[in-house]
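Undergrad: Sequence:
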Amino acid sequence: MLFRLIRQNYSFFLPYVLLLIVVGSMLSQLDRTVLMRWINGVNHPFWDVFFYYLTDLADGAVGFGIVIGLVFVRYRWALAGVLSLLIAGLFTQLLKHSFFEGELRPSAFYKNSGWVFHTVDGLSLHSINSFPSGHSTSVFALFCLLTLLVSNKHWGWLFLFLAVLGAYSRVYLFQHFVADIYVGSIIGTVSTLLVFTGLETYWQHHPKKWLDKRLELRRRVA
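So the mapping is simple: this note's numbering equals the position in the sequence shown, first residue as 1, plus 89.
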């Protein structure tokens, strides 16, 4: 089922894999400071405002709000969404606060470097627990899930684009390094794929009628 899902949703996974290869090659060949200087140097007041607000799309709370709203469509979709974001988020937080605890974020890493980097007005910059990016994990988990759920698979292109924008905003805003969002995107995507595949396989062998129902708000008749 896993490979069938990937084939059916090629509009998301094909360009995503290609993007992983390109960015992975850049990470292996270029020093992260080179990447950060290049990205940080490409800024504009419009993009400052744009990414300042767009980054909220990658917030885990927003993702949970959207997937919980799926109870009005199908219970099985909402359950798959909540579990996907929960597992992906917990795994990322485990890495952040155990194996990579205290990992410096860009603003702290370059604090005494003499580099006057560009920052966005009104934005509070975090200093530690940089790797991996929780926002990138959440936004890729969310849009990977939506890709799997929609019947029109051409939406995968747009969903990937939005996921990439959400993740990129973390680097533009100087909250994360490129490697942080790279790994975060993988965690979010793989977690969603595995959770969705596991649940669908289980439900095929243990069908529950209520899973295909939805929450309906009934109006009281006076």
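None of these hints come from the bench; they were simulated from the model.
Check before you lean on any hint, since a few could be wrong.
[Unchecked claim] Derived SDA-like pairs (lysine to any residue); straight-line CA-CA distance at most 25 Å:
(1) Lys242 x Glu190
(2) Lys200 x Leu116
(3) Lys242 x Leu116
(4) Lys298 x Leu108
(5) Lys297 x Leu108
[Unchecked claim] Per label pair, the in silico range of CB-to-CB distance:
(6) Val205 x Val138: 16 to 24 Å
(7) Tyr291 x Thr208: 17 to 25 Å
(8) Leu91 x Phe180: 12 to 20 Å
Small disclaimer: the values here were computed from a predicted structure and weren't measured.
Even glycine gets a Cβ: it sits at the ideal position worked out from N, Cα and C.
Undergrad: Please list, smallest to largest, the hint numbers that this structure does not respect.
TA: 1, 3, 4, 5, 7
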